[in-house]
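From first to last, the protein sequence lines are chains U and R.
So in this note's numbering the end of the first sequence lands on 292, straight run, no missing numbers.
So in this note's numbering the end of the second sequence lands on 609, straight run, no missing numbers.
Hints are computed from structural coordinates only; laboratory data are not their basis.
Values in this document were obtained by computation on a predicted structure and should not be read as measured data.
One should not assume that every hint holds.
[As the list claims (entries may be wrong)] According to the in silico footprint, chain U covers these stretches of chain R (three or more CB under 8 Å from chain U):
id, segment
1, 310-320
2, 352-362
3, 424-436
4, 439-446
5, 546-559
6, 577-585
[What the hints assert, rightly or not] What follows is a list of derived Cβ distance ranges for each label pair:
id, chain 1, residue 1, chain 2, residue 2, range
7, U, 175, R, 389, 43 to 53 Å
8, U, 152, R, 505, 47 to 57 Å
9, U, 190, R, 344, 55 to 65 Å
10, R, 303, U, 15, 41 to 51 Å
11, U, 175, R, 303, 21 to 31 Å
12, U, 29, R, 519, 55 to 65 Å
13, R, 519, U, 22, 35 to 45 Å
14, R, 408, U, 38, 36 to 46 Å
15, U, 54, R, 366, 56 to 66 Å
Virtual Cβ for every residue (Gly too), placed ideally from N, Cα, C.
Here's the letter readout for the chains.
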Amino acid sequence: MSQKNENYKSESPWQIGWRHFKKNKLAVTGLILLTIIILSAIFAPVLAPHDPNNTNILKAKQAPNSEFLLGTDRVGRDILSRLLYGGRVSITVGIVAMSISVTLGTFIGLIAGYFGGWVDTILSRIIDVFRSIPFLVMAITIGAIWGPGLYKLMVIIGVLSWTGVARLVRGRVLTLREREFIHASRALGSSDLRVMLKHLFPNSLAPIIVNATLRVAYSILSEAGLSYLGLGIMPPTASWGSMLNAARSVSVLESMPWFWVPPGIMIILTVLSINFVGDGLRDALDPKLQKS
Amino acid sequence: MSQNILRRLLQGIPVVLLVSFLIFIMINMAPGDPIARLQNPNITKEDLQAKYDELGLNDPIPVRYARWLGNFIKGDFGYSMDSTRQPVNELIAERIKPTLFLTIGAMLLSIILAIPIGIISATRQYSIFDYLATFGAFLGVSIPSFFFGLVLLFTFSLKFSLFPSGGFTQATGINNFLTQLHHAALPILALGLARVASMTRYMRSSMLEVIREDYIRTARAKGLKEKIVIYKHALRNALIPVVTLIGLSVPLLFGGSVIIEEVFSYPGMGRLLVRAVWQRNYTVIMGVDVLMAVLVFLGNLLADLFYVIVDPRIQYD
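With the rest of the complex left out, here is chain U (with noise of 0.2 Å):
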């Protein structure tokens, strides 16, 4: 795609993006934050002490120590081992729900935004409907028939959360519509599916990117509140809000802290990072903001 001249160098747009993006202190320190946190998760064979799922009734609810760094849970499992697998199942769900409602709601909303008329009243009105049920109330609802375990729960949250995206591409396509350069691809006799992969779907990619950020965040964190709740990832298998779940039980949150603080602070980190990150991607993709 660059054409580079001998005397002119000039820039992709993600090239200006990122050089903005560099400048954003917040936004690379979560960038570095987020790549050691996946990081992590990816090695976490090679990097737990001890089998996550390897229980040892002996050695149950010892506070943090020198075999087990951050203790041992109910059944004698090691916590720090569970905290680095559970992240490889946090952060998958985070990325696939998001992968799920991104797609969805990309789809809809070019499908709304460009061929207006009925089809934009009915598509408008279904997410009415289903932002007019909270997320929650719904997942857990869904949640309850269904049944927990790793698939539904990222097919819930994804499915849940498309609405918020369909209406940014809606919104998007509207303004771009009636522009030259899509008159032009259509006086060229593109088809409607080409107009919109070829041209609208790219001229929109910079706040659904920004949006993907976040709705990871969201979905990590929606993730983490089901499966406290007993609805998403079940026990044995750990994920950080599967090892919430251990404080519900009172006498758990009470007096052996080391089983619910680490998986609250990982979610805290993660999410915080992802939020600096996709902040930053806003500041340097949204054109409107840039100053140079």
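Chain U is already provided as a structure; the job is to place chain R on it using the hints.
Coordinates of chain R only, in the frame set by chain U:
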């Protein structure tokens, strides 16, 4: 104005109907049923069928939905499907007040804290206060509300017995506003944190945009005091987008209350829903879900009316 409210109310009806129909279908496709778990294992097939017939569970789904709808219009949510057979209306009636206390409390908390913090942040941009507020706002939206709730419960209720660890009213003694507030304080704080955080960011950026406007320069140029410029001229305009956020946060507050009520054993609708979900108590699930949709709709309507107060340029007619 009143015509507009009426029109908005009428627009809400199809949305609520669609929500209730979708939930009804979903619930009825679910495996497991509430009768099976109530009966003793020795029950005969015939008796079980008779029980189904008695409760109308053998009719086709559209017939059952129509029956539910008919009762719903009369304001009757049916009977709880557990052994108590209490009317769902009664169950909800005793739990709606704690939930509204919690959600409205969290909403008020976010307005009371976020607006001043946002104003100070914007008027002293890049000061230490601004950096702290901005970072605090990032942190606030990144903490899972229920984890913050657990930390509050651990600290202020279990380690230092300053607040009760559950309930909404006292079993004995006087139950006035203050005892209720005492019970609801930690849940309100836990639920409100994320709202305070996101509203602060919104307020700050909205204020920053407004104080760059020409009419603010004009107000300063004609010699008005800075306080009057900020609080009279700028604030009113900066509040307009924040009101939108209040409307958008209504479903978030009701959704969040479900999990916060679980953390604090707080006797509201969310806890009722979670219990009903475990028991597959369809009538209660249905009642709470539909009522939540109605409340979200009314909350949004209120936010819209608030709009008119903040921005007199908006005329509904």
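Here's how the hints hold up against the structure:
no.: 1; hint: 310-320; result: holds (count 6)
no.: 2; hint: 352-362; result: violated (count 0)
no.: 3; hint: 424-436; result: holds (count 6)
no.: 4; hint: 439-446; result: holds (count 5)
no.: 5; hint: 546-559; result: holds (count 6)
no.: 6; hint: 577-585; result: holds (count 5)
no.: 7; hint: U:175 with R:389: 43 to 53 Å; result: 45 Å, holds
no.: 8; hint: U:152 with R:505: 47 to 57 Å; result: 50 Å, holds
no.: 9; hint: U:190 with R:344: 55 to 65 Å; result: 57 Å, holds
no.: 10; hint: R:303 with U:15: 41 to 51 Å; result: 47 Å, holds
no.: 11; hint: U:175 with R:303: 21 to 31 Å; result: 26 Å, holds
no.: 12; hint: U:29 with R:519: 55 to 65 Å; result: 37 Å, violated
no.: 13; hint: R:519 with U:22: 35 to 45 Å; result: 40 Å, holds
no.: 14; hint: R:408 with U:38: 36 to 46 Å; result: 38 Å, holds
no.: 15; hint: U:54 with R:366: 56 to 66 Å; result: 58 Å, holds
Consistency with the previously given hints fails for numbers 2, 12, ordered from lowest to highest.
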